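Q: What follows is the residue order along each chain.
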Amino acid sequence: MVDPSDRQDLVLQTIGLRKHFGGVLAVNGVNLSVPPGDLRAIIGPNGAGKTTLFNLLTGDLARDSGRIYFAGAEVSGLSPDRLCRQGMGRTFQITSIFRRLTALENVQTAFLSHHRRHYDILTPARRLYRDDAFALLERVGLHEQARKPSGNLPHGDQRRLELAIALAGCPRLLLLDEPTAGMAPRERHEIMALVARIAGDTGLTVVFTEHDMDVVFAVARGITVLHQGAVLTEGSPDAVRGNPDVQRVYLGQPAGR
Amino acid sequence: MSGLSVGMFLFLVSVGMSLIFGVTRIVNLAHGSFYMVGAYLMVTLVEILPDRPWAFWVALLVAPLGVALLGAVIEVGLLRLIYHRDPLMQLILTFGLILVISTLVLLAWGPDNKSVSRPDALAGSIPIFGQPFPSYYLLVLGLAPVVAVGLWLIFYRTRWGMLIRAATVDREMLGALGVNVSALYTQVFAFGSWLAGLGGALAAPTIAVALGMDGDVLTTAFVVVVIGGLGSFAGSFISALLVGLLQSFGILIFPAVSIVLLFAIMAVVLVVRPWGLLGRPEQ
Amino acid sequence: MTSSARALVVLAVALALAPLALPPFFLQLLTEIAIVGLFATAFNLLMGFGGMVSFGHAAYFALGAYAAALLVKRAGIPMLLALPAAPLVAAVGALLFGVFIVRLTHTYFAMLSLAFAQIVFTIIFKWKSLTGGDDGLLDVWPPAALKSPAAYYYFTLATVALSLVALHAVSESPFGYALKSVRENPRRARFIGINVRRLQLCAFVISGAFSGLAGGLFAFYNGSIFPDFAYFTKSFEPLVVALLGGAQSFFGPVAGAFAFKILEWLISRQWPVYWPLFLGTIVVLVIVALPQGFVGLAGGRTWWTRVTGKT
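Residue numbers (my numbering), protein chains in the order written: chain Y, 52 to 308; chain D, 1441 to 1723; chain B, 1389 to 1699.
Treat the hints as calculated values from the structure; they're not laboratory data.
From a predicted model like this one, the values you see are computed outputs, not experimental measurements.
Virtual Cβ for every residue (Gly too), placed ideally from N, Cα, C.
A portion of the hints provided could be inaccurate.
To give an idea of the interface, some chain B residues facing chain D are shown, with a C-beta separation under 8 Å as derived from the structure [said to hold, decoys possible]: (1) I1465; (2) Q1506; (3) L1526; (4) T1621.
Calculated lysine-lysine pairs in the DSS-like style (CA-CA distance at most 30 Å, straight line) [as the list claims (entries may be wrong)]: (5) D:K1554 / B:K1514; (6) D:K1554 / B:K1622; (7) B:K1622 / B:K1535; (8) B:K1622 / B:K1516; (9) B:K1461 / B:K1514; (10) B:K1516 / D:K1554; (11) B:K1516 / B:K1461; (12) B:K1514 / B:K1622; (13) B:K1535 / B:K1461.
From just these sequences and the hints, can you work out the full model?
A: What follows is the structure, encoded as structure tokens:
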């Protein structure tokens, strides 16, 4: 058992997280510890349980057993909107934005919710948090597209927008589910470098899943390797790279996806 | 005891609706209208056929077929054009059909209530446990297991039934295997309509055949289908029985409250298990 | 001033001057248009803005009508004091039903809302001692000062205009943004901290309240109220009107109300029996042949996925 006082230091911690999926044990006793400021990559072959783990962390799935701690407080079983208010932000594997709203409106809505103004029925919302939204869009490189319907933006820009939406909530922890999926290699590095920069500037902790090992080793400060629903090993990029178990598990994977 | 017969009519309508949804994924709001057309067709057939003992039975045979034909025409002429559309658009379209069909019924049969007399063989009543029990209801009750078993046999023992069950699980796969899914949809819709028409035809001698019976049966069928689960045949059966019984007993005890009781149960089911007792969760 | 604001001003002036030029019959038609426009706009707050299609909004219309009418007839309360009860009672009804209804989505949402409306209908129908049942409530008139077609027309116009201003404010407010975000992507909305069900319930109650107000206005316009104010075919009206006029813009339903009522008048005076047939056929045709709806005839993009017109 981890001493409660230790828990305070960790942004995210899970103990014995378990989840069945119709007979398959998708997540099998995952213990995760993420210290503040970490840039943690969760890697593992397909079916290792990465997305399931994510959905458990973000309240989209109900766990079978185990506990989740966020900044020292237990958050197991909280709904996604409550978790967001606690300071967790996330992006999804398939880009999840408000397609018929403009990029600006997407981010404004995120701000409005963050500042708990979403039950205000009297004030015109058009100007609220507009400057903040513009600033955030600029941060992620979308200043030009602010007024375009977000559904019309190219894939990479939509990803950036989703990042901005998540950041609008001033999260302490950012969970990115395959943030570079569907991007060309250069764009992948760009967006992860952006994430790393923002995290560095704001002290944000980031946990992300990723298939592209180049990106992982370029950006991550810590790596957790999942295999068949459990943690195979955890540690610094170098330690993980040199780990024989990891190499064995990845043997047969196509090189550099 | 009449509650069980009411449950039977409901069952026929609900299972038809459930079946259509299960295969085509369309909630046919006009299903209550099919029930009504079945009842009205029954009225006309009994009127035009000679006054012989067999007239009633012939009418009972033909009326649902008429409704099945109507269903097939609607499926081929209209529904085929909207299968790929937003489910709510489909819902609205079938809602529109309610208006069309009810006006056509009004034009064809006029605004007055109609009735169908029970066949002489079943006009009387039989004492059961000391209470007179209308013989006609015995017919309906007797038909219940026959229809239920018949449906079960069709779904689980014929090739066609197997195709239907496969279609409720995975339509694309079925098409990929070379089955004419289009024709199957038409057949299913016609069969579902036939069931609703049969319900209406059977119910005709027990109620006032009037405009507005489409709405009444529709919402009750909804309650049944929601409680039992859309797409579940067994669910519709159990649910229809429960609802039929509740309606009848409720009417004896608290006439005004019985429907509210129904609603309360439906609300509870929806809160606890939105996909019904035996349905599958919404995708 | 933008062109649409200019158009609104012209319209407002025309409407205000109408009693000077039009005979009472047309004033009455305009009154009905205003009421239907309000009903449809309230309905569209849920459908167009919130992405929730209710098939049972007649329930709140009827609750409003009966609440106001019963207060006047049974409790002797003057109309101006009774009318506020209409949106209040309807809001309570929307809250009660909405708690269950918003738990569901799409088809089930529509079905459950339909079923609740039928419950309301049945209760009104059967509770004869209170509501008059099938016979309805007769002689539900406004006070003498508002009784003439012109007077009631102005009263309705003012009430509806104020209500539309309020609804418009809601649609442009942070709440409106949040509602649209829930329509677009409930999962994402959750993950910016929005409790989706609670927000939807709020929208449901607001929508129900204004639908009830429309019902109350209609009660005193019509002079009598009947259970079929709650029948499901009445629920169809705001839906068709909103689709006709364009669900993605705020004033679409009002435009639809004009078109709908004028069509109804034209058809019903010749062939009253055929109106439901006509209505049903139009809806079927629109859905089958015009994927973009009537509004799409002018545009060219898929109507249901059109970017909102007014934001």
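Q: Run the structure past the numbered hints and jot down the numbers of the failing ones, going up.
A: Hint check: 1 and 3 fail, others pass.
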